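Novice: Protein sequences appear in the order of chains A and B.
The opening position of the first sequence corresponds to residue 1 in this note's numbering, with each subsequent residue numbered one higher.
The opening position of the second sequence corresponds to residue 1 in this note's numbering, with each subsequent residue numbered one higher.
Keep in mind that a hint or two might mislead.
Some, not all, of what chain B presents toward chain A, calculated at C-beta under 7 angstroms [claimed, not checked]:
{"#": "1", "residue": "A77"}
{"#": "2", "residue": "P169"}
{"#": "3", "residue": "M214"}
{"#": "4", "residue": "L215"}
{"#": "5", "residue": "L216"}
No lab work stands behind these hints: they were computed from the structure.
These figures come from a predicted structure and were not determined experimentally.
Glycine included, each C-beta is placed from N, C-alpha and C at the ideal position.
Each chain is listed here by its residues.
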Amino acid sequence: MTQVSTSKAAPPLNRATRIWTTGVWFLPFGLFAVLFLFLPSIGLFVGSVTGGAHGLTLTYFGQLFQSQYLDAYKVSVELSAATALIGAVVGVVLAWAVVGGGLPRFLRPFFLTFSGVASNFAGIPLAFAFTASLGPVGLVTLFLSHHLNLNLYQHGFSLFGFSGLVITYLYFQIPLMVLLMVPALDNMSRWGEAAMNLGASPWQFWWHIGLPILRLPLLGATLLLFGNSFGAYATAYALTSGMINLVPIVIGQELSGNVVFSPSLADALAVGMVLIMTTIFAVYLLTNRNVVRWQR
Amino acid sequence: MKGSRIWSLIVGVVGLLYFVVPLIATAQFSVQEGPSKPFWAAYSSILADPQFWSSLRLSLFMALSAVVIGLVVIVPAAYWAFLRVPRMQSWVEFISILPFVVPPIVLVLGLVRLYGSGFGPLSDRPVMLMAAYGVVSMPYLFRSVDNGLRSMDVRALTEAALGLGASWPRVLFRVVLPNLRTALLGGAFLVFALIMGEYAISSMLGFNTFGVYMLLTGQTRAHAAAALALISFGLVWLLVGVMQAVNRGNVTIGGAR
């Protein structure tokens, strides 16, 4: 009995110290996340459901369904979906060209480093680079009109609209897809050799082995590409001078005071973005739970 | 597999064109300042611009603070979770990658709304900028800290140091951090590459960072802007190159876009 009571007396103190020391180690992390990530996000949510004269309100979320804001979401989603899908397909094909042994092996390290650089080369300088190539007097535009007699801008193309943004975004989307898929494809090339040795045709290999194995990593990477483009601001702003109706641009207009509308509406727009991103991320986590450490 | 080789070659060449032509066009544009001027005119005008240097310094300083803040926040939590509270590990990881869900423009909106005025030091714009950059860099720094912790025997090293009479701060600064050094370098360079071109957050908070300077230059001096784009590409190449030499295969999402 005495033994039991001593062992019972000890734990509370132990536990208290343990909680205290643990608290000290986690405090900076928790405090930082709460102050600069959680509270601002919660603040936006609170701002979006208050701000009217009558306390709690869903007015501002209702206003999101007005054509102008609904359109902003539509364009944002379309832009992200287009760049994610094209980026995913082209990225996988490119990655396979290098990993699958079709291209000389010495190109591989260069290719991977370049992918790392290009996936980080975004924002203002990327917009400049594409203006210099596909702008009205860009190198490619002039080349096409002089040598192939093809005037892009007379055929409805504009770098400063939707199609131009898609082409520009692909400059960081494709390399990101390459980086995300190379580890998985590396394994695949081993499977490929085994299948070929057993007499499978390339078509059989991809249909029966490649796709089933790659399905979830492919989905996960495409979702990440979507999220990557959905929050993008600088590239679109620099290319269109803020004239395109994307959700981040609309939020930026309100924030910089260029266009004055209700602050609560901007909060609601932002909360909508976070909700979409959270959905994307949740699907990603659910389908790729064991691939979360995507760099390994 | 002859057919597949030809296809790979075609894919490779088309890919190469798409990725190299914009760089060539930018280079070509940057050396055509005017018929009467030497080809390096755009570059020399930038290098002679005090704004260029001050914006570069500001961005470098902010990137450095983001790395320092991120490490101060993440290393103790990740280390302790790794050493003593394994069930906290997934939470630390989850919270560290959460900034992906909050786009930079939303983050800065949230910060301005909440701390815009009347919150003492939290309402200082430089503090807000540093905090925002710290949040943005959390996923990358966590990943490199996590990699580093996994690649060393944390428990044995800690117990050996404690057994030899070292205090906790000493364990952290003289044992854990030096062993994390290589892994941390990779994440740090990635954060530098991200923050050097960052535009959304700093422009909303009214700072003349490198990204904002680039945009302002583009509005008035097109050739200088092209030169800046190339300089920035070189910078990213340098940072990412070092990062990849240090630890392979980091992947970036969000940030400067």
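Novice: Are B/L216 and chain A close enough, Cβ to Cβ, to be under 7 angstroms, as the hint says?
Specialist: violated, 10 angstroms
Novice: Does the nearest C-beta of chain A fall within a distance shorter than 7 angstroms of the C-beta of B/L215?
Specialist: At 5 angstroms from the nearest chain A Cβ, B/L215 passes the 7 angstroms test, so the hint holds.
Novice: Does the nearest C-beta of chain A fall within a distance shorter than 7 angstroms of the C-beta of B/A77?
Specialist: Holds - the Cβ of B/A77 comes within 7 angstroms of chain A, reaching about 4 angstroms at its closest.
Novice: Tell me if the interface restraint on B/M214 is satisfied: Cβ within less than 7 angstroms of some Cβ in chain A.
Specialist: holds, 4 angstroms
Novice: Answer holds if the nearest beta-carbon of chain A is closer than 7 angstroms to that of B/P169; otherwise answer violated.
Specialist: For B/P169, the interface hint is violated, since the closest Cβ of chain A sits about 12 angstroms away, which is over 7 angstroms.
In this structure, the hints that do not hold are numbers 2 and 5, in rising order.
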